[in-house]
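Peer 1: Residues per chain, in single letters:
There are 2 protein chains.
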Amino acid sequence: MIVFLNGQFVTEDRAVVSAFDRGFLYGDGLFETLRVANGKAFRWGQHLERLRRGADFLKIPMPFPPDAWRGFGDELIVRNQMPDALLRLTLSRGAGARGYSPRDARNPTLLISLHAVPPADSENPPRWRVITSSVRLAATGPLSQFKTCNKLSQVLARAEADAANADEALLLDTDGHAVESSSGNLFWIEQGAVRTPPVADTILPGVTRAVVLDLCHTLGLPILETRLTPGQLLQTDGVFVSLTSIGVAEAVSLGRETL
Amino acid sequence: MIVFLNGQFVTEDRAVVSAFDRGFLYGDGLFETLRVANGKAFRWGQHLERLRRGADFLKIPMPFPPDAWRGFGDELIVRNQMPDALLRLTLSRGAGARGYSPRDARNPTLLISLHAVPPADSENPPRWRVITSSVRLAATGPLSQFKTCNKLSQVLARAEADAANADEALLLDTDGHAVESSSGNLFWIEQGAVRTPPVADTILPGVTRAVVLDLCHTLGLPILETRLTPGQLLQTDGVFVSLTSIGVAEAVSLGRETL
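Chain order of the listed sequences is A and B.
Residue numbers for the first sequence follow my numbering, so the first one is 1 and each next one is one higher.
Residue numbers for the second sequence follow my numbering, so the first one is 1 and each next one is one higher.
Careful, some of the hints might be misleading.
Once the Cα atoms are required to be at most 30 Å apart in a straight line, the calculated DSS-like pairs of lysine-lysine come out as [said to hold, decoys possible]:
(1) B/Lys40 with B/Lys147
(2) A/Lys40 with A/Lys147
(3) B/Lys59 with B/Lys147
(4) A/Lys147 with B/Lys59
(5) A/Lys59 with A/Lys147
(6) B/Lys147 with A/Lys147
(7) A/Lys59 with B/Lys147
It is worth saying that the hints were derived from the structure and are not from the lab.
Work out the full structure, taking the sequences as your base and the hints as a guide.
Peer 2: Have a look at this one:
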């Protein structure tokens with residue numbers, strides 16, 4: 001496997017960063033995951049725009065002109081002969097002096113890597129057994145709106161799903177409302193409308209979430225942005241999750257309850 | 001500078017980790033900072049114990065017997081001839097498959113590094129100008145109790161202090177109570193008692209915080225664990241912050257107000 005790291009195409013074993021990179025020390029960075037199909041990465045524009053807004057907020061300079069990023073990604077797909085893949089962009093603040101102050105870190109790290117797509121039935125969306133995680137997502141203000149490298153809550157939730165032999169974990173906010181799954185946005189169907197929690201406080205504005213909403217508009221399906229508890233989720237007419245890697249997955253159970 | 005990385009003593013430029021280390025990708029790790037003086041690192045026991053509890057919680061195996069860690073640190077101090085320094089322990093989950101699941105990551109990364117101590121007057125504690133950060137610390141449950149590598153809130157708060165030409169930033173919780181500074185625990189003096197917020201929800205149980213409390217007990221000073229707002233902080237008889245790197249710093253102003 002070849003990866004792109006700071007302007008060079010290197011083999012995976014040579015893809016190393018300084019142990020003093022602030023990405024490693026503090027999770028001081030951002031990432032995006034894009035779906036690659038038939039040799040093309042989808043929705044570069046939206047993913048790069050979300051990353052750019054996060055980089056603006058964190059004041060991490062974007063190395064290379066953003067247009068060049070797409071070229072690096074395209075070359076990576078060709079070099080690895082991986083026309084079907086996931087493409088991950090990782091931007092960290094790079095190495096700096098010890099301590100939280102980002103003042104002395106001026107050389108950001110850019111990593112672009114390809115990864116296998118989770119196996120899936122090409123006809124039908126995956127059917128997931130979901131558990132409710134004990135991890136609560138707190139409203140951390142603006143930070144929640146960006147795909148940062150501070151992902152321990154999601155790692156813990158996902159580990160709970162693994163331990164329960166489930167496919168995914170549902171996360172609640174500190175008020176007990178269902179907000180998202182460890183790696184995707186939450187949707188449910190009720191009274192003929194597609195519903196999803198509003199993007200606010202704790203909810204990442206997913207690129208695939210936007211695709212689902214666009215599709216509903218196109219199909220003339222009513223959409224409602226609203227909140228609910230896991231108990232209320234059991235009373236709905238269907239639950240699904242949207243995420244880049246596989247598009248949409250149906251939730252067929254929540255804990256011991258069938259959905 | 002020589003650093004310890006996964007069993008080897010290497011020069012700083014060779015201290016590299018995989019770009020697929022989950023510490024770099026998700027902040028999936030823990031750290032501790034110890035004060036080294038006269039060639040000895042202080043309070044190994046407490047720091048290692050906090051790290052061990054965090055590693056248990058995150059299910060990151062500790063590489064090498066914990067007793068050996070102290071030997072690595074001692075050797076590092078000798079090799080670098082740095083009898084006065086800060087010693088940082090960083091433990092990450094190491095490289096694994098793409099995605100939040102930690103299932104396939106089985107080779108944790110251990111980094112031990114030395115850093116310069118912030119310059120200080122040996123007679124008097126530093127006098128800090130403090131600002132109130134716009135970043136709110138959310139109660140994220142058990143995670144708050146460990147010194148994890150998810151530190152973007154602290155990085156942002158510290159950057160606000162830098163931008164205001166201040167020495168430190170005070171963080172509030174989502175209820176508006178003052179909880180800690182970007183890198184230390186908060187104390188104030190009121191009605192003859194030393195006061196500090198209780199360790200719960202959002203407050204990291206600092207090793208130096210415990211030293212301050214022990215000292216107050218020894219001196220027979222009354223201690224109260226309680227909460228207050230930044231406005232109330234202005235009415236107290238003195239405010240200070242405890243942190244490993246310099247011990248105790250006095251806060252002399254909060255924003256435009258003198259303390």
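Peer 1: Hint by hint, note whether the structure agrees.
Peer 2: To see whether the hints hold, each was checked on the structure:
| no. | hint | result |
| --- | --- | --- |
| 1 | B/Lys40 with B/Lys147 | 22 Å, holds |
| 2 | A/Lys40 with A/Lys147 | 22 Å, holds |
| 3 | B/Lys59 with B/Lys147 | 14 Å, holds |
| 4 | A/Lys147 with B/Lys59 | 24 Å, holds |
| 5 | A/Lys59 with A/Lys147 | 14 Å, holds |
| 6 | B/Lys147 with A/Lys147 | 21 Å, holds |
| 7 | A/Lys59 with B/Lys147 | 24 Å, holds |
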